[in-house]
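Line order of the protein sequences matches chains A and B. Letter 569 of the first sequence, counting from 1, is numbered 569 in our numbering, and no numbers are missing. The number in our numbering is simply the position in the second sequence, starting from 1, with 572 added.
Bear in mind the hints are in silico, worked out from the structure with no lab data behind them. Every residue gets a Cβ at the ideal spot worked out from N, C-alpha and C, and that includes glycine. Hints may be right or wrong, so weigh each one.
[Stated by the list, open to error] Cross-link-like lysine to any residue pairs, in silico, SDA-like; alpha carbons within 20 Å at most: (1) B/K813 x A/R96; (2) B/K813 x A/G504; (3) B/K813 x A/N246.
[Claimed, not checked] Some chain B residues flagged as far from chain A (calculated, every beta-carbon gap over 12 Å): (4) A613; (5) D625; (6) G652; (7) L660; (8) D702; (9) T716; (10) R748; (11) G757; (12) L811; (13) K813; (14) L850; (15) L852; (16) D912; (17) K919; (18) D946; (19) A953.
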Amino acid sequence: MPEAPAIRWEHRPDGIVALVLDEPGRVGNTFSAAYRACMAAVLDRLEAERDHITGVVITSGKESFFAGPDTGAVMAADGDPAALTTATRELAGQLRRLERLGRPVVAASNGTALGGGLAIALACQHRIAADAPGIGLGMPEVRLGLLPAAGGLVRAVRLLGIARALSDLLLTGALHTPEQALALGLVDEVVPASGLADHAAAWALRHRDCPPQPWDTAGYQIPGGAPYGAMLASALPVLPSALRANVRGAPAPASRAILAAAVEGAQVDIDNAALIEARYFVRLASGQAATNLTRIYDVDLPGLWDGSAGARSGAVAGALSGPGRGGSTSPRAPSLAWLPPVNPVDGSDTRGQRRALAEPGTWAGSFVRPVLGAYLAEAAAMVGEGVEPATVEQAAAQAGFTWTPLTLADEIGLTVAAAMAAGALPPGGPAAGEPAAGDGAVAASLHGSRGGAVMTRMAKEFGRHGAGSGGGFYCYGSRGEQDRLWPGLREAFGSGSVRPDFAGVQERLLCSAAAQALRCLSAGRVPSVAWANLLSLAWAGFPTWTGGVIQYINQFPGGPEGFAVRVAGLAL
Amino acid sequence: MGTEAYIYDAIRTPRGKQKNGSLHAIKPIDLVAGLLRELLARHPTLDRAAIDDVILGVVSPVADQGGDIARIAALVAGLGQSVPGVQLNRFCSSGLEAVNQAAARVRSGWESLIVAGGVESMSRVPMMSDGGAMANDPATAYDTYFVPQGVSADLIATLEGFSREDVDAFALRSQRRAETAWSGGYFRRSVIGVRDLNGVRVLDRDEHRRPGTTASALAALPPAFAGTGAAAGYDAVALQKYHWVERINHVHTAGNSSGIVDGAALVLVGSQRASADLGLVPRARIVAAAVAGSEPTIMLTGPTPATRKVLEVAGLTAGDIDLFELNEAFAAVVLKWMRDLKLPEDKVNVNGGALAMGHPLGATGAMILGTMVDELERRSARRALVSLCIGGGMGIATIIERV
Ligand SMILES: CC(C)(COP(=O)(O)OP(=O)(O)OC[C@H]1O[C@@H](n2cnc3c(N)ncnc32)[C@H](O)[C@@H]1OP(=O)(O)O)[C@@H](O)C(=O)NCCC(=O)NCCS
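Required output: the full structure, derived from the provided sequences and hints.
See below:
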């Protein structure tokens with residue numbers, strides 16, 4: 001056993017072995033290299049001393065039970081699928097050994113159990129969660145662009161059935177309170193925190209015969225049926241289409257992989273299912289999107305993500321010292337109070353919150369406003385050029401923007417949107433530290449001015465001011481709900497007269513926002529690269545998969561230089 | 573150099589409707605065996621041992637119609653153990669694919685007499701019951717933007733600007749032409765009534781038809797695919813690919829979509845030598861056949877490239893064709909084909925189609941080929957072109973010539 005073990009071994013006189021997950025030097029337990037090495041040793045010993053063991057209780061020495069995947073390891077492993085496959089398979093194999101030890105294994109979850117924590121718990125014969133406020137249980141990997149590995153996805157499917165595992169756990173990444181987890185069937189018991197360990201040991205002592213896992217029992221069937229069973233077969237084609245509709249075509253490699261691994265794994269035995277799960281995991285972990293997403297979470301801001309206490313660590317300070325930190329040394333946190341609590345993962349918000357984006361005069365507004373202004377202007381410019389408005393909206397949605405531009409412009413109001421466009425910084429930008437340009441400032445760029453003109457024309461010439469005043473790019477129903485695109489657009493702008501390459505439309509939208517963000521960064525309107533990335537995602541609705549607006553530029557073909565050339569070519 | 577391939581006969585069962593249909597209690601194997609026995613009865617000089625193979629299209633080849641039904645039907649019908657059989661599947665075109673493969677094999681000179689056709693008991697084995705990656709494997713369906721064919725048909729109508737009135741008018745036309753054909757006895761030669769195991773008559777006529785259909789009755793039917801298009805996200809999937817379209821106009825209903833029916837059809841395909849040796853009289857020559865791939869999400873636009881291809885293979889133009897027949901999977905599919913190829917309305921689907929009489933998937937291709945053989949003879953016309961749209965984005969086309 002290693003010197004400072006990630007798992008402590010406590011052999012009680014009644015024959016119960018308590019395994020205490022407590023990796024030294026870490027806030028929470030993860031699937032780290034230390035965990036893996038330690039677990040291997042623990043299993044060897046459990047198997048060797050089995051005759052002297054009546055049962056096993058797994059608990060944690062941290063405040064939380066288990067924090068999830070080791071995102072650092074994931075990021076470090078990119079580029080070598082074979083090594084990552086071996087490591088992932090080893091994690092799953094260890095838990096498979098644990099659940100077939102022949103002794104009752106009880107998970108005593110003292111705190112929040114995320115991802116890997118649930119994966120461990122699901123490999124136990126019995127799961128007990130402590131009842132305390134703030135505890136969350138779930139598999140949030142999807143939000144990191146990953147899927148629950150180590151058999152977590154596979155066992156969730158076998159415990160809950162394909163449909164419920166997907167909707168209640170895997171695809172949403174939802175965290176459940178202990179009570180909710182009990183109702184869902186994720187845990188078997190919820191007990192007061194104080195009696196947790198004894199309760200778990202008592203259960204193990206009462207079940208010395210060690211009931212096999214349901215999926216290791218003869219005649220076991222997945223709840224709700226296997227993919228080609230009568231109940232599921234007709235629903236199967238709906239799963240991918242519903243997902244596509246839900247993400248509006250935006251890149252969703254993690255959700256796609258989760259869906260695939262869940263369904264494909266249900267066609268085979270549990271060990272082969274774990275193999276399929278591992279392969280999809282490796283595919284995700286080797287991809288750029290997961291790297292970008294884990295990086296965002298590493299520079300977390302409080303309140304930025306929807307409430308899951310303990311789920312994420314880090315603070316403003318972390319953000320300011322995050323990776324890719326720019327030259328700025330400003331420690332000043334921007335005033336975020338007015339900003340809407342947008343969840344960048346699912347983009348949920350309300351129309352009122354979207355309007356608030358247009359509020360001038362705040363520190364964050366001086367960054368978010370021009371970035372959005374440039375984005376809206378570019379979209380409006382394309383409508384003015386005769387691109388199908390539906391194509392512009394689809395391009396934005398499928399690029400992964402939180403808000404499609406014509407819808408957002410309508411929500412904000414076209415006159416205000418035009419002013420935002422005019423307030424965007426022109427190429428070359430003002431020198432760093434120069435005060436923000438006012439709304440009446442000289443038009444930002446070629447497209448910026450054309451886009452602004454389109455919106456101004458909509459308002460002035462056609463009396464279409466936006467959603468709040470009888471219609472803008474769209475028509476609205478009696479209750480203010482969006483109906484179809486305004487038919488007058490066709491005549492006014494010759495919609496459909498040009499048919500640009502779809503990827504080109506997406507690139508123009510991405511580059512317009514990114515170029516503007518870069519100008520704002522150089523003008524000192526945002527204190528650091530990390531802040532620019534975060535604000536762009538959370539409040540400018542820039543696509544999450546990019547990892548943020550500056551990260552997008554860094555990953556642009558040819559890097560920042562390639563980006564600059566492209567932006568110049570697009571006259572942004 | 574191979575020989576020509578001739579059609580010596582083409583027969584079919586009537587089509588039984590899905591709900592309370594007369595053929596629901598008849599096994600698919602009996603639908604085929606009945607037709608095989610009829611072939612032997614009609615051609616007393618036909619030596620059954622001379623039949624090189626039986627090729628049958630089945631689109632959902634599971635359960636009652638699984639497990640190479642062709643060979644087993646040959647045994648059941650008493651063709652003798654020397655007659656083999658094979659089942660194939662090219663989705664909705666399977667029945668015509670079977671004929672085309674038979675023709676190609678005859679033209680190769682390796683074989684001289686093949687029974688080709690298809691069977692589908694849709695009331696027993698529902699569409700899609702054989703699964704398959706296209707719709708049922710999430711990664712595949714996700715990556716290929718799969719939507720069900722009804723949504724695809726509505727997308728065609730949207731892109732082409734076909735209104736509900738347009739597609740309903742076409743459906744009405746199909747019903748009327750089917751009625752004219754039935755009451756005029758145009759199908760008399762090829763529709764073989766189905767009998768039960770005691771020889772008692774079960775069904776003599778296409779049962780799905782609604783001869784009294786009116787424009788207003790059709791107009792009153794609810795869109796069939798709007799609900800699932802919205803609820804299942806299929807519309808969104810289609811629009812993500814067809815990004816310039818704002819929304820899908822759901823014009824297809826139970827009235828202007830092909831009926832779900834049971835039925836079987838057979839075509840006797842052979843070389844010239846077969847006629848010399850067996851005393852068979854050729855009715856038509858198979859001039860050329862072709863298949864083509866097309867965009868899979870909209871799925872049903874393959875007939876146009878397949879038609880162009882088969883005309884090119886045959887060295888003909890549309891003007892050389894007297895009759896055109898495209899399976900009426902959905903009204904918009906035929907309307908688009910007519911528009912693409914500028915086909916005159918009075919030459920297309922002259923005896924109605926699947927909107928009126930139903931589309932028994934695996935059998936349809938052989939059925940409508942037979943309809944054309946009959947109609948060329950009735951009109952003393954020369955050439956007909958038969959086509960079907962196909963799942964997964966394909967099209968098939970065959971040109972035949974009366975001899
Ligand atoms: C469109 C579709 C979903 C309708 O299915 P359905 O509801 O079972 O259809 P039905 O034939 O039972 O018709 C439903 C109703 O429409 C009405 N109806 C249908 N055709 C009508 C007509 N011509 N005139 C008046 N009413 C009609 C009837 O009232 C019927 O109700 P009923 O049961 O009371 O008689 C189905 O026919 C379909 O999917 N067709 C396409 C098949 C296919 O995809 N094939 C492969 C092609 S690629």
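Consistency of the hints with the structure:
{"no.": "1", "hint": "B/K813 x A/R96", "result": "violated, 43 Å"}
{"no.": "2", "hint": "B/K813 x A/G504", "result": "holds, 15 Å"}
{"no.": "3", "hint": "B/K813 x A/N246", "result": "holds, 15 Å"}
{"no.": "4", "hint": "A613", "result": "holds, 41 Å"}
{"no.": "5", "hint": "D625", "result": "holds, 31 Å"}
{"no.": "6", "hint": "G652", "result": "holds, 37 Å"}
{"no.": "7", "hint": "L660", "result": "holds, 22 Å"}
{"no.": "8", "hint": "D702", "result": "violated, 10 Å"}
{"no.": "9", "hint": "T716", "result": "violated, 9 Å"}
{"no.": "10", "hint": "R748", "result": "holds, 35 Å"}
{"no.": "11", "hint": "G757", "result": "holds, 41 Å"}
{"no.": "12", "hint": "L811", "result": "violated, 7 Å"}
{"no.": "13", "hint": "K813", "result": "violated, 9 Å"}
{"no.": "14", "hint": "L850", "result": "holds, 45 Å"}
{"no.": "15", "hint": "L852", "result": "holds, 45 Å"}
{"no.": "16", "hint": "D912", "result": "holds, 19 Å"}
{"no.": "17", "hint": "K919", "result": "holds, 33 Å"}
{"no.": "18", "hint": "D946", "result": "holds, 38 Å"}
{"no.": "19", "hint": "A953", "result": "holds, 42 Å"}
Of the numbered hints listed earlier, those contradicted by the structure are 1, 8, 9, 12 and 13.
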